[in-house]
Each structure stands twice: as C-alpha cells, then as structure tokens.
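Got chain Z; can you put chains G and Y on it based on the hints?
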Amino acid sequence: MTWEVLSIIGTVAFAISGAIVAMEEEYDLLGVYILGIVTAFGGGAVRNLLIGVPVSALWEQGPLFLVALVSMTIVYLFPKQMLPPWKRWGNFFDALGLSAFAIQGALYAVKMGHPLSAVIVAAVLTGSGGGIIRDVLAGRKPLVLHAEIYAVWAILAGLAIGLKWAESPVELYVLFIAVAALRILSYAYGWKLPRRAVGEKAKGQT
Amino acid sequence: MTWEVLSIIGTVAFAISGAIVAMEEEYDLLGVYILGIVTAFGGGAVRNLLIGVPVSALWEQGPLFLVALVSMTIVYLFPKQMLPPWKRWGNFFDALGLSAFAIQGALYAVKMGHPLSAVIVAAVLTGSGGGIIRDVLAGRKPLVLHAEIYAVWAILAGLAIGLKWAESPVELYVLFIAVAALRILSYAYGWKLPRRAVGEKAKGQT
Amino acid sequence: MTWEVLSIIGTVAFAISGAIVAMEEEYDLLGVYILGIVTAFGGGAVRNLLIGVPVSALWEQGPLFLVALVSMTIVYLFPKQMLPPWKRWGNFFDALGLSAFAIQGALYAVKMGHPLSAVIVAAVLTGSGGGIIRDVLAGRKPLVLHAEIYAVWAILAGLAIGLKWAESPVELYVLFIAVAALRILSYAYGWKLPRRAVGEKAKGQT
Chain Z
1 MTWEVLSIIG
11 TVAFAISGAI
21 VAMEEEYDLL
31 GVYILGIVTA
41 FGGGAVRNLL
51 IGVPVSALWE
61 QGPLFLVALV
71 SMTIVYLFPK
81 QMLPPWKRWG
91 NFFDALGLSA
101 FAIQGALYAV
111 KMGHPLSAVI
121 VAAVLTGSGG
131 GIIRDVLAGR
141 KPLVLHAEIY
151 AVWAILAGLA
161 IGLKWAESPV
171 ELYVLFIAVA
181 ALRILSYAYG
191 WKLPRRAVGE
201 KAKGQT
Chain G
1 MTWEVLSIIG
11 TVAFAISGAI
21 VAMEEEYDLL
31 GVYILGIVTA
41 FGGGAVRNLL
51 IGVPVSALWE
61 QGPLFLVALV
71 SMTIVYLFPK
81 QMLPPWKRWG
91 NFFDALGLSA
101 FAIQGALYAV
111 KMGHPLSAVI
121 VAAVLTGSGG
131 GIIRDVLAGR
141 KPLVLHAEIY
151 AVWAILAGLA
161 IGLKWAESPV
171 ELYVLFIAVA
181 ALRILSYAYG
191 WKLPRRAVGE
201 KAKGQT
Chain Y
1 MTWEVLSIIG
11 TVAFAISGAI
21 VAMEEEYDLL
31 GVYILGIVTA
41 FGGGAVRNLL
51 IGVPVSALWE
61 QGPLFLVALV
71 SMTIVYLFPK
81 QMLPPWKRWG
91 NFFDALGLSA
101 FAIQGALYAV
111 KMGHPLSAVI
121 VAAVLTGSGG
131 GIIRDVLAGR
141 KPLVLHAEIY
151 AVWAILAGLA
161 IGLKWAESPV
171 ELYVLFIAVA
181 ALRILSYAYG
191 WKLPRRAVGE
201 KAKGQT
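Protein chains in written order, with UniProt numbering: chain Z, 1 to 206; chain G, 1 to 206; chain Y, 1 to 206.
Pulled out of the complex, with its shape left as it was, chain Z reads as follows (with noise of 0.2 Å):
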C-alpha cells in the first residue's frame, strides 16, 4: 500500500516537474508530454533496472500512466495569471518526485538484502534517474549534481531506511514529508553544499 501511494505520488510529481521544464525550454505541446512521462517512468526504469526487475514492468503501470497524463494536462492547462511561480513549482514537484523514488529505492535495496551502502547508492539513483534524465534530455547540466544540497536528502532517506529508523506505513510517509520539506527548504533558503572548483572555468570565472 504505501509503495503504491509512493509510487503516485513520485510519478506524477516527476510527471510534472518534467513537463514544466519542457515548457521552459519552449518544447512542443507533445514534447511536454513526451518529456513528462519519460521523466516520470524514467526514474522507475532505472530504478527496475539497478535492482534488477525487468523495464518491460513499466508497461503494467497502465492506471499510473494515465494519472500522470491528466496532471501534465492539468498543468498545461493551467491559467496564465499562475503561471510566474513556476520555477518554485518545478522545483516543489521534483522535491516530492524525489523524496518518493528516494524511499522505494532504499525499500527495495533492504528488501533484497543489500548492505547499507547499497541502500544508499540505491535511493540516491532512483531518486534522481528520473531528474537527471529530464535534466539531459532538456539540454541542462544535471540539477541533482550542481544544485543546492539535493542529494544529501536521498542519502538521509537511505539511511533511515538502511538503519531501520523507518519501517511501518506511518514512519515512511513521515520520512517521505520530512526529506521533500529539506529539499524545499534547501532551495528555499539557498543552502549549499561545498565546492571545489578547478581548471580553466574557477580561473575565468571566480
């Protein structure tokens, strides 16, 4: 039950989140789509395929399929007097997107017995394949890998799940709030993880 409430919920926030950065970058009416559902199922893909189910598993997800339809139309649709907080919504929804896929990946990992920093890779991969695939197929650098502290809370999400700190029902939809309320607060509030930059762009730039 509560993987398949993770499971809505990550698919049609990456659903959306994919079909806004499409209409940033001035994609076609079925580009938007196009770019939506890959960002949506593009993260279960790879999630299928790093614990090994088979990607032909997608094509059982008939019901999910035509939610994240109706919320990139909704999106589409949306009225023009709404639209200026935009890049605060793409960044809300892939927030949730993120927090969901980051939780069913460290769920599988530790159902499949693997160690701890197999749990962690896992959710931190399946949380943000799908990113990273609409972040490419956008013709932008990654968000997951530049951006402000985005993977840290895929890491704390395979963490409480690898150490058991959340296992019932209630546990993981808290765990689920709490790492989409950091990812938000961390854009929010700008918080940056170090960098350390080297070569010829921190000589021309910085």
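You may find that some hints are simply not true.
Just so you know, same-sequence chains aren't split out, so a pair can sit in one copy or run between any two.
Said to hold, decoys possible - In silico EDC-like links for lysine to aspartate or glutamate, alpha-carbon gap of 20 Å or less:
| no. | residue 1 | residue 2 |
| --- | --- | --- |
| 1 | Lys192 | Glu24 |
| 2 | Lys192 | Glu26 |
| 3 | Lys141 | Glu26 |
| 4 | Lys111 | Glu171 |
| 5 | Lys141 | Glu24 |
| 6 | Lys111 | Glu4 |
Don't read these hints as lab results, they were simulated from the structure.
Frame of chain Z, contents of chains G and Y only:
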C-alpha cells in the same frame, strides 16, 4: 519477413542520420561510425529494454551491423558536390528510421497483449529512442521534443497498429510509407504543434 | 584474477576521471561523488546490459564501491599546489579506464562466442560507455566522439583479443598497458583522425 525489412530500413536510416549529425558536429571519422552505430542500434536497444527482450540480443544482428557500416561509409565518402542538401537528407533518413521503429515497437507491444495506451507509448519511445540518443550525444536538444510535428506520426503508427487498421505485410508497408511521408511533409512545410513557453526563456526571447 | 584487477583499475580510473570533470564543471561535493560513481559503474552497467548480465549484478561490488569512494575522496582533498595538471591527470585516468574496460568487454564477448565484429563493438562501447555517460552528465560533447584518436585504441584491444593475440594474463596486462599508453601518447602529441565536417558549422567556423 516484414519485421526484418523494417529492421533493416530503420537501422540503415538511423545509422546514416547519426553519421550526418556527427559530420555536422565535426566529429572525427570514428566519431561518425560510433554515433551512427549508437543511433542505429540505440533504437533497437531501447525497444528491447522496453519490451523485455535482453539487450544482448543485439549481438545476433551481425549482418545488420555490416549493412550499417557500409551505409555510413558510403555517406562519409559521398562526393562533395552533392553535399548542400545534408540537412534535408538527415531529416529524410530520420523520418525512415522513426517510421520503421515506431511500427516495430507497436507490433511488439500488440504481440505481447498490451493495451492501446502502451502500444502508443511503445511506438513513440521505440521510434524516437535512436534519435534521442543521437541528439544527446551530439550535444543537441532532442529533435523529437521541440521540432516540427514529429511524435504525432509515431502516435499515428501506434494507433493504426493498436486498433488493427494495419495487420497484413502490405498494410504495414503502406503504413510505413505514410508515416515517413507525413514526417517529411511536416518538415518541408513547417507544420508545428502548439507550444506554450513559460518562465525566463519566454520572457527573454519572445 | 586478471578480470578482477582490470575491474578495479577501470573502476578507480573512471571514478577519478568523473570526479575531476565534476570539479572542472564546478559541481558540488556530492555532485563530484555522484558523477564519479556514475562514470565508474556506468561503464560496467553498459557492459552488463550489452552482454546480457543483469545490471543489478552491480550491487555485488561492495568492495569496488568503497575503493571508488576512497579514490574520489583522495582526489577531492588533493593539495592545491598540485592542481595545475588536472586536465592531464583527467586524461591519464580516462585512458586507464578505457583500456581496462575495453579489454573486459572484448574478453566477455569472446567468452560468449561472438564473432570478431561484435568483439570489437563490445570493446569500443564498454570502454567508452563510462566516459560517454560522464561527458553527457557534465553537459559536454562526449570525448570519444570528437577527441584525438580515442576509439582506435579500443578497437585495437578488441582486435587483439578477438584474434587471440592476447590470451594469458601476462599478455592481457601488456595489452592493457599498451592501449593505455597509446591513448596517452595520442593525447600528448595530438594525433588526430581525419574528420569531414559538413553543413552550417563547417561553413561558419572553418
């Protein structure tokens, strides 16, 4: 039989289209071959991944691989006097590849008993997979996401096959020619889908 | 045994090369780790996909994963005074990774009884897979497609193994060193393959 013919057409067409894009991007001789091969077999790899056939089935396509190599060599050695219409030729071969692989993807999804929505998605993703990989590796935004009506024709192929409008080999060939022709016409006449840009880019550029 | 040694070398080399590219692109601390890991294990994931081993076999590489983490941490904490030759070091590690994974890919294709053409393709795609993923995620055009002679050395590895010139562990290590050295020499001396640019870019820039 029809399946093999479509495989050959799609592979050759995407190999040539990849080679042309690589030359446009000033990639070197091997870059041309690699981008051509990745484009040609990337479409098939995406199809295999999506429909649950092992990607390693690619290795059984030795003859197809030779055909792709020969096609790319011919393109690479093409006399200079005939160069100007490259862009048109690139689009021509891209259209053939799109049509051939979209039909293949849809046929496979039907054979596996998937519902209509999955047939359409299979047609779109299989038909555009090779081109998306090509564009990403060339550092471009994927044509399918922003170009003239593109995915619409793949959707049409999915519909025609999912609704059993085209089943016999003759019908499938007619469908193949129709989809490729529509894609070429939409390029020649600049048919476009509506697009709705938001955010900074829209403000800055339009 | 040889297989494990090549795995370790390839993984460490690509992890470091990914970390260096991430620092050049000013990615943050976690961006450095993620790009390094994706580069290191992306090569293996592409290899697994192409040769039909489940991608999830990656999770059994716990020790390899730790080795990659330690390597990236060392690179990240490297003293500033030793920074200037980053680009050269990046190419050095890229060359080691290319050589190690190209030989692995070719060995596997031979073991599975594939023909020579498939052995060569396996060497090229396995050897360059990690680097291609790295460059795409860094928003760069893949080095393998346009750089100095690059794929030629992977093809050489494929030929040497496909034609049974190198079979014993000693021969394989010699081949590994030779391929890496040729790649480094081709970078140092700027050996290039012919390229044939067409279209707008060629007109505009040359």
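Here's how the hints hold up against the structure:
no.: 1; hint: Lys192 <-> Glu24; result: between (24 Å within a copy, 18 Å between copies)
no.: 2; hint: Lys192 <-> Glu26; result: between (29 Å within a copy, 13 Å between copies)
no.: 3; hint: Lys141 <-> Glu26; result: both (17 Å within a copy, 11 Å between copies)
no.: 4; hint: Lys111 <-> Glu171; result: within (17 Å within a copy, 43 Å between copies)
no.: 5; hint: Lys141 <-> Glu24; result: both (15 Å within a copy, 13 Å between copies)
no.: 6; hint: Lys111 <-> Glu4; result: within (16 Å within a copy, 28 Å between copies)
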